[in-house]
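Now for the letters of each chain:
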Amino acid sequence: MREELFMAGIGGQGVNLAGQFIGRAGMDAGLNVSWVPIYSPEVRGGSSTCTIVLTDRRVASPTSEHPTSMVLMDPTAARRFAANLTTGGLLVINSSLIEETPKVDDCRLLKVPANDIAAEIGNDRTVNMALIGAWAAGTEVLTAEDVARSLREMLPERHHVHMPDNERALERGAEIARETR
Amino acid sequence: MSETADTRKSVFISGNEATAEGGIAGGCRHFFGYPITPQNEIPEYMSEHLPEIGGVYLQAESEVAAINMVYGAAAAGARVMTTSSSPGIALMQEGLSYMLGSELPAVFVNMVRGGPGLGNIAAAQSDYWLATRGAGHGDGRCITLTPYSVQELHDFTAGAFEIADRYQNIVMVLADAILATMMEPCELIPRRDLPLPDRPYAVGPHDRSERERNIINSLWIDFDVMEAVNLRIEERYTRAGEEITDWEEFGSDDPQIMLCAYGISARICESVVMRADEAGVRLRLIRPRTVFPFPTEPIRRWAERVDATLVVELSMGQFVEDVRLAVEGSCPVELLARSGGNMPTPGDVLQKVREVARHVGVAAK
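As given, the protein sequences belong to chains A and B, one line each in that order.
In terms of the working numbering, the first sequence has 80 at position 80, counting the first letter as 1, and numbering is strictly consecutive.
In terms of the working numbering, the second sequence has 1024 at position 24, counting the first letter as 1, and numbering is strictly consecutive.
Everything labelled a hint here was simulated from the structure, so no lab data went into it.
From a predicted model like this one, the values you see are computed outputs, not experimental measurements.
Ideal Cβ placement from N, Cα and C applies to all residues, glycine included.
One thing to keep in mind: the hints can contain errors.
To give an idea of the interface, some chain B residues facing chain A are shown, with a C-beta separation under 10 angstroms as derived from the structure [said to hold, decoys possible]: (1) 1076; (2) 1194; (3) 1196; (4) 1264; (5) 1272.
When you get a sec, could you build the whole thing from the sequences and use the hints?
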């Protein structure tokens, strides 16, 4: 088993943090994992990407040329990266912002209106979690609960007040994945 | 990661943090440095954790000041380290040379970024010469360790202090922006109070009736005295070659092509070895974990058995020179070099493997 997840968006959307939660959850699930960020010098508004490898063999290269799954959070990311997905891979897009669905032959597409979900929940910071919930249910490498558990482990106590919102977003994303199947 | 590690346990941690915690586990209690991307999490971590355990963290006004603080602390017998990235290490070169000439132990970490000049903040391996040759002027060299994972960054940094003491020399941990910023599981070495080895050379307050004053110096006007210092330093490098040369091998026991790479490039090559069947070529990766001293012997041994060697590095042909010296003409040596933050993919390396195979008449898919 080797899952290569590529995530991309703009700085401030929580691309890298969400990737770290997945990496930690993978470690706790007994997998070999790595998380590699690439981001521009700006704090917010620049391009932000990360690659997470989850495998039961050695990780070896922590970067990926044709990821087995992708979570793309904004239109620029969708335009730039979608075509790199491996044949038959899982493509999760934030359909709240990505109006033009990238044309990728032979992929499993999950459209998740993540900003709308976060707005319903009333917490802007859960956008990434809605997408990750869909990714987890779509790949079945980890469960949404695994990710929630790593969130609780990694977030400082003072942010635990956001846990119920994050869990709702994860679950809503997972529901969309199950409905799409 | 903020808790003190009482027992060895796995944490999900960045390369920078693992390096800093490795320093503390290795007994470092003095850190002097100046910020530069992509290694700023190391001084940040040290600024938080060293004061908790009675250590000293000091942000200098420049790299030139930092290296001279390191020089002073090492002269006084402290376990001391600094960390920086390419242009910062370049600024430290005068101090590096003086410390080598004064035969003082210290640990340096270089999280290499793109260059020359200010370059960029992406991963590169273009300070190979700076680390293995360029410790300022003179005959001194840095013992250079090349980790390829977060775990090795932690372990090598921790172990570097003992090596520095054993050879009274600077140890350079040479990594890159990806290893620095990536996160992986890492088993932390428990923190403990390590007894410092005897340091009869160290300066500091002392009773004149017990010993003469010590002088830390790198100025030797007398030809014979200067040569004696250089011979003593050289003898330590020879001994280091026998005692601490380290490498890892991975792949076919009957290889047609040998891959040579270190650090992040070796991670890519591991993927290539795991996919060797795609090219239909038997591959073996030799991955130096020290590059000074260099694992000449295993590379030479395999070079005599393979049809060709392919070197992969994120610089325009630095590491390949040491491989060629080790191979000594036993087989053709080809190079796949990328730079500027670009890295070859495993697919790119496989393509190059096919090309090399064609050059030497090995059938490939």
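Structure-based check of each hint:
no., hint, verdict
1, 1076, "violated, 38 angstroms"
2, 1194, "violated, 29 angstroms"
3, 1196, "violated, 35 angstroms"
4, 1264, "holds, 8 angstroms"
5, 1272, "holds, 8 angstroms"
Checked against the numbered hints listed earlier, the structure breaks hints 1, 2 and 3; every other hint is satisfied.
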